[in-house]
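Peer 1: Okay, here's what each chain looks like letter by letter:
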Amino acid sequence: MEILRVAALAAAGVTLAVFLKQIRPEYALYISLATCAVILLLASGRLSYVIEMVEKLQSYIPVDSVYLTSLMKMVGITYVGQFASGLCRDAGYSAVASQIELFAKLSILALSMPVLAALLETIQEFLA
Amino acid sequence: MEVSIIFKIGAVGILVSVLSQVLKHSGREEQAFLTSLAGLIVVLFWVLPYINELFETIQQLFLF
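Chains as they are written, first to last, in our numbering: chain W, 1 to 128; chain F, 1 to 64.
Isolated chain W, as found in the complex (with noise of 0.2 Å):
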């Protein structure tokens, strides 16, 4: 299955960094960057196909698009987030990496105060 082939490339990369990381440290960062990339890129194929299949969904349940772009945005910002500090931290560069895991949390709670603002004026039509 598909599982088997990303298994089999994750420990192929792996392995040749491991090895290169003795004769030429740099090469096995670039390594594990092109591994990411393309394990990331199947993933992506993926998702697309469940985001084709929660639209399909919209149509039944009456959800505003407007939440739930803002819900795919925070699974790419998640992504891509994740993406870039995982290798950040691979390098050796934690505080980095922290700090873009900072960053992508924060975008996040902006993303979602829209969405908090609606809920609190729905509430408020209840009680008022």
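Possibly wrong hints are sitting among the right ones.
DSBU-like, lysine-lysine: derived pairs with alpha carbons at most 30 Å apart [stated by the list, open to error]:
| # | chain 1 | residue 1 | chain 2 | residue 2 |
| --- | --- | --- | --- | --- |
| 1 | W | 73 | W | 56 |
| 2 | W | 73 | F | 24 |
| 3 | W | 73 | W | 105 |
| 4 | F | 24 | F | 8 |
| 5 | F | 8 | W | 105 |
| 6 | W | 56 | W | 21 |
A few chain F residues that don't get close to chain W, going by computed Cβ distances all over 10 Å [stated by the list, open to error]:
| # | residue |
| --- | --- |
| 7 | 25 |
| 8 | 28 |
| 9 | 31 |
Source of the hints: derived by calculation from the structure; they are not laboratory data. For clarity, every value in this text was computed on a predicted model and none was experimentally measured. Cβ atoms here follow ideal geometry from the backbone N, Cα and C, with glycine treated the same way.
Add chain F to chain W, keeping to what the hints say.
Peer 2: Okay, now just chain F, sitting in the frame of chain W:
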């Protein structure tokens, strides 16, 4: 081309390390540095289209 890029980078890494060892022992430090720089640039040229494609897919996928 998808999977072979990883092994190509490994091959370039090994080649550059061997070359720079040989150049170092024959007393040409600058050439050794230049070879490793060339290796770096070649690898970056290979990896960057992948990163670019990745970010475009994500942008298109998540309606950024």
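Peer 1: Would you pick out the hints that fail for this structure and give their numbers low to high?
Peer 2: Hints 2, 5, 6 are the ones this structure does not satisfy, whereas the remaining hints hold.
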